[in-house]
Amino acid sequence: MNWNFEILPDFIFNGLRDGAVYGTVALALVLIFKATTLINFATGELAMLGAFFVYVLNVEQGWWLWLSIAVAMAVSAVIGAVVERALVRPFDPDDHLPVVLITLGLFLIINAVAGDIWNYQVRRVNDPFGHFPSWVPNGSELKTSSDGTIACLKNADGDLIEVARGTADADMCEMVGRTFFEVIGARLHYRTIGTWIGLALALIALAIILGKTKAGLAFRAVSSNAESARLVGVNTGRTLGFGWALASVFGTLGAALVSPALGGVNPNMMLTILIYALAAAALGGLDSLGGAVIGGLVVGLIKSVLVSWFGVVVLGQAYFSILQLAMAFLLILIVLLFRPAGLFGTRRIERV
Amino acid sequence: MSGDDWPTPMPRPGDDDDAGAEASVFAVFAPPETEIHGAPAGAGDPGPEPEADEPAATATPRDADDPVETGARGAQPAAAGLSVRSGPPVTPTANPPVGGVVDAGGADRGVRHRRRISPLRWASAALLGVWLVAMPLTSSVTELRQNTQIIVMVLAVLGVNVATGYGGMISLGHGVFVAVGAFAAAYALDDLALPWAVSILAGAAFAGLVGALVGLPALRIKGIHLALVTLGLAIVFQPLAKRVPAFSGGVSGRAVGAELVPPSWFGTTRWAEGLYRYLICLAVVGLAMWVTYNVINSRPGRAMRAVRDNDTAAAVHGVNLVASRVNTFAVSASLAGLAGALGIILVPFTSQESFPFQESLVLYATAVLGGLGSLWGSVLGVAIREVFSRIGELLGGVSGLGPLGEFLRLLDEEQFVFGMLLVALTFVFPRGLIGLFNRRRGLPVSPSSQDRT
Chain U
1 MNWNFEILPD FIFNGLRDGA VYGTVALALV LIFKATTLIN FATGELAMLG
51 AFFVYVLNVE QGWWLWLSIA VAMAVSAVIG AVVERALVRP FDPDDHLPVV
101 LITLGLFLII NAVAGDIWNY QVRRVNDPFG HFPSWVPNGS ELKTSSDGTI
151 ACLKNADGDL IEVARGTADA DMCEMVGRTF FEVIGARLHY RTIGTWIGLA
201 LALIALAIIL GKTKAGLAFR AVSSNAESAR LVGVNTGRTL GFGWALASVF
251 GTLGAALVSP ALGGVNPNMM LTILIYALAA AALGGLDSLG GAVIGGLVVG
301 LIKSVLVSWF GVVVLGQAYF SILQLAMAFL LILIVLLFRP AGLFGTRRIE
351 RV
Chain A
1 MSGDDWPTPM PRPGDDDDAG AEASVFAVFA PPETEIHGAP AGAGDPGPEP
51 EADEPAATAT PRDADDPVET GARGAQPAAA GLSVRSGPPV TPTANPPVGG
101 VVDAGGADRG VRHRRRISPL RWASAALLGV WLVAMPLTSS VTELRQNTQI
151 IVMVLAVLGV NVATGYGGMI SLGHGVFVAV GAFAAAYALD DLALPWAVSI
201 LAGAAFAGLV GALVGLPALR IKGIHLALVT LGLAIVFQPL AKRVPAFSGG
251 VSGRAVGAEL VPPSWFGTTR WAEGLYRYLI CLAVVGLAMW VTYNVINSRP
301 GRAMRAVRDN DTAAAVHGVN LVASRVNTFA VSASLAGLAG ALGIILVPFT
351 SQESFPFQES LVLYATAVLG GLGSLWGSVL GVAIREVFSR IGELLGGVSG
401 LGPLGEFLRL LDEEQFVFGM LLVALTFVFP RGLIGLFNRR RGLPVSPSSQ
451 DRT
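Protein sequence lines, in the order shown, are assigned to chains U and A. Residue numbering for the first sequence follows our numbering, beginning at 1 and increasing consecutively. Residue numbering for the second sequence follows our numbering, beginning at 1 and increasing consecutively.
Please note that a few of the clues may not be correct.
Computed beta-carbon distance windows for the label pairs [as the list claims (entries may be wrong)]: (1) W265(A) / L315(U): 53 to 61 Å; (2) E227(U) / F349(A): 52 to 60 Å; (3) V316(A) / I334(U): 39 to 47 Å; (4) A193(A) / E60(U): 51 to 59 Å; (5) N320(A) / W3(U): 45 to 53 Å.
Since the hints were made in silico from the structure, they are not lab data. Every value quoted in this text rests on a predicted model; they were computed, and no experiment measured them. C-beta atoms are modelled at their ideal positions from N, C-alpha and C, and glycine is treated no differently.
Bound conformation, chain A alone (with noise of 0.2 Å):
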């Protein structure tokens, strides 16, 4: 959900399942999200946007440990006036752009909760809320340390997806920024000795000053040619790495001597602690989600789709394509940098062994494949490519089939099955998954579409 789309000024018939639906699927987490941190979420935002709060409430399910009950009446008219959606991804023809800057975002409000919401959503936003739950409790040490680095990995992924879905800029190397935050977090960490929540925001910090370095070509490189320049830049990054041993490791790596531990109260059996780090990781990836929901629909945001879906347009009315590529490119650097940071508490070691090229390949593939331009693209990106990679692992498994199991033997490489899964979706659903959950068909166009090369 995201914000994608363009505030419409005017309710459509049609659309109206869209927001309704998606209000909805906030308000079924917003209980918990009012009980943990409704203070510094809530009040979050007296901001510019109405919608605010709402992103709020998808922090929520993030924190929840607990089954959302009672605050879920309570939460609902407030998450339900607010515009979050997994909307379309992006309509910009469908709406003029560069009216787009102007917010028209309150018209509709109001409407929204007498909408119906789509099974669909409702099925994964609880499916989702459950697995959050359920998987930290049924999960080994080992496990819940895996599923929290697939949530971490959503950041990068919406990185991705800011710089492409919403800056309209093919990046094929956001693996560089996730390295370059680990490394900066785990150099604050160990080596300027740092408190935790400093260094991640320092490793993030640091990745997005990388990142607006790397938007600096990108104000004159456009289109297909920007996705060979971040090619490039995502293959030289390994070998680069190497060199420069006091920040990356070297070859050998760096550990990284600072643990994340619980308080005592919190237990101190090694599952607490990966609880607590769950715990913690979710709490940021909720935030982070929510801070960009926020950017992306507030002026830097608008004047970023501006920009993809026509620049000069963009630029007659004021806006600042310098200031915008480069932020853009900013805020999704520093997004896959604490994606980065956060993987150091679960992992107290990083290499650039960790970051080879394809990485970066797949983290661009999983945004699109989710759906760009929209922020719950890039958790359903996360969360089929987990599926499909569990399911290729159990059927390559299975053994005693002949030449069918030969077959079902490469499923067990991930990168075959995601490879496979990249081609078969991009036929069924070229608007990425999210497509699934909005009704509306046909009209997005997509971003690099626009470029003129």
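Looking at chain U on its own, in the form it has when it is part of the complex (with noise of 0.2 Å):
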């Protein structure tokens, strides 16, 4: 037992960027399980299409950054309101099957689509928060080699404290920018906040979307109960193409923040974060939306803390690693298992 508790704070940040991540995803998830209780399981591949948006419009094209990134969600935006008008529609919501596979098929096509257009390697994308402004004080600094890779890390006082690929010398990296503040002892990454301000402000839209507008109206009306909705005059229809569109922003936002963290983008960048949404979705309950992001954040924490820090370091065991997809799914079973509502979800009173 090694009771590190120095670099446990750098796990906690860790885990809460990560979980912000599967909080986005899971919102995507929840939005359109809160319409019409269906899982989509599309959702993942949808957001890594967003992603590759994001990749074409700012690597390939070089359009600012931002620009991209409101671009790709605006077309994911589309794409998901057609998919649901095209796809999901045609189908009776009450029936599960045939919307499974609607969404199964999807996931194929869509994988083997982006496979087909961009192979399956892993394409480096720009990263909106990989070096603090400059006029943020006492970052660190990251480097890079000549070559352009990342090699160096080194600290305000300009000691080299990490080489990430053998390249050793400090003069052969020029400066970047700051990557990361020291809070007690650990590294809070600029990528970590920037996660953290995206999810915010994406929540703080949502909260303004369904709150204020009479669209975010007429979804909340659906999905509470979509005849009754019906029955006073709400397309619903309508409504539930504008849910399908909601959650691919949601998803495209989820990829595109997490996708420098992954080294970039690639067809199959999206499959493990949606078990963790999944997890998270499970365990914040289906179809509650504050839910979502509260049970990505602790399944990041689960995920960081209990299994990559208890696991690997203070038991030592470097196969804990492993077991971070086993425990996402032992959580979605054992939630379904014990609280199927989750959390925060509405509970079901089943009347026989």
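Put the two chains together into one complex; each comes in its own frame, and the hints tell you how they fit.
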């Protein structure tokens, strides 16, 4: 047992960063589940497609990164709405089978098309939060070697603290910018803060859309009771399309936030993230938006602190890192077994 | 076919096509059966179901490599009496589920042989028969092996069908059971030095055991939630399997030392070897389908369907829900495990690499494509998937068509073709292709829609 508490904050920050991404993707799942009680298994792939749009616009076309992300989110929204209209609406919403099939088919199609267009190799993307803007004081510096790969990290005093790919010479590095703060001895990366900010902004936007707009009101009405909503004149079809569009936007945002941390985009990038997001959604309650976010953060923490820190560092068992996915699965299983509504979901009462 | 229908107490005038057609479909295949393993199969079933032999007949085409002939006449009446059918994918609503538990199957027997046979069924039965005979004769060693693998896959799809079509439990994780079956069989064969037959059974049995364990959560988790859990299982399996090298061979996989070689009189060429394995697999697949048919139509099978349609009602009528659900999962997983175990006859190597979770999704989708709640639906699903992926390959090979060529290139990818097929067919035949073969429309209700989650 090696209770290495010094590095614990690192793990907590990482866990909360990953958790924010899971929460964002879980929001996409929950938005759709709330409206239709369907789990969209293609959520991850739609999000991956969104991340590729960002890649194409920003890296290939040279657009400004934030503009690329905004456009990618808009395109994803359209795709989500079109998918709903063309592939999901024709089916009886009470019957899971066909829609499960459709989303599985979509999963396979999108994955294959993306693989065909972009191959399965990882393509590097620009990180919206790669380094702090220059006005932020006291961060540490990330250096890249002359061939452009990230090679070394220097702290603010100029000491070399991490050499990533073998190249050792600090002079070969050129300064890019500051990447993290030192907070209670741990590194709080800009990427982490940026991900949190991204999630927070998205949540605020979502709250405004659902709470203050007419479409949001309709969405809440439909997810509360589709039949009654239709009776009072809500166009349920269009509202569900709106829900899918919104869900795609969140998926794309999550994928865009996480892709730099994964080293880039590739067609299989969202597979494992989907599982964590499913665990997050199940934990929070499949029909609770707030629950999805909290669930995501909890899943991220469990994964990072319980599995990576406690398992790998404290117990010294390297195989714990493999168990991260298994942990997500167990979490899904346990939650659904003992508390099917999750922490914040609506409990359903069965009347026989 | 399969016994998916609730036995109808009275023949309804509209239905008759189904039953008759079915019976005759089998009759076509019946003769070789009687010749080859007539004894076991025919004798096989004094059991409770009158229908028992019929599936035996289904087993036959698989053994048959000789052209169908003489036996046909004799077999026909027998086959005709059986209620096997590719029947409509379950019509639970039409008949009160619980009522179905009480077997009324006998009522319409005897009328069937007079019914007309739909040409479509004739054609497909004939096609299947011809293919089973002609394929090995015209294939190279590699093709023969690949085609045998396809035939074996029917079992895995059938496993999904049992869980989802008959048991009403969506399983997106059957690839796991296929893998477990393969690993267990390889382990029994090499590490325990058991004979082939025992090893294969051990593979199926072990997968069944694992399936029963997985079935336990299904006692509480239903519908789309179960889909989620089984999908999670499928995704988690691969990394976990890497960690148990003694069983799965770890990252590099495990080669199977033992080889199944035919007796010397059978021939020693590689083609003869392939043919021998083909016949064995065909026989096992046929046998397994027959056993499944019987299970489906016996008391546990009826309990299974009753639970699917309305578990409360089933429980009220004395069905043990726990036993029935666990049972269903065990049967379905052991079918998948059997497929995995047979796989190592064909390719003496197995590895977690061969079982990515997409494989599980494809199994599930194939089962639904073909038609849930129908044994023949599973065969059809596999067949259609293969046909389309071949067509895709052909079209993908065409070049020089500009932008159209770009699209055609995509068709080379099996995953893409399958996904498109899935989406397209879900629209056209939401209840599976087997619906084509049934006159009755509109009755079936999806199993999952009845889950109250």
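How the hints compare with the structure:
Between W265(A) and L315(U), the C-beta spacing of about 60 Å keeps the proposed range 53 to 61 Å intact. For E227(U) and F349(A), the Cβ-Cβ distance of about 55 Å falls inside the hinted range of 52 to 60 Å, so the restraint holds. One distance hint, 39 to 47 Å for the beta-carbon pair V316(A) and I334(U), is violated here, with the actual separation near 30 Å. The hinted range of 51 to 59 Å is satisfied by A193(A) and E60(U), whose Cβ atoms lie roughly 58 Å apart.
For the pair N320(A) and W3(U), the supplied restraint of 45 to 53 Å holds, since their beta-carbon distance comes to about 49 Å.
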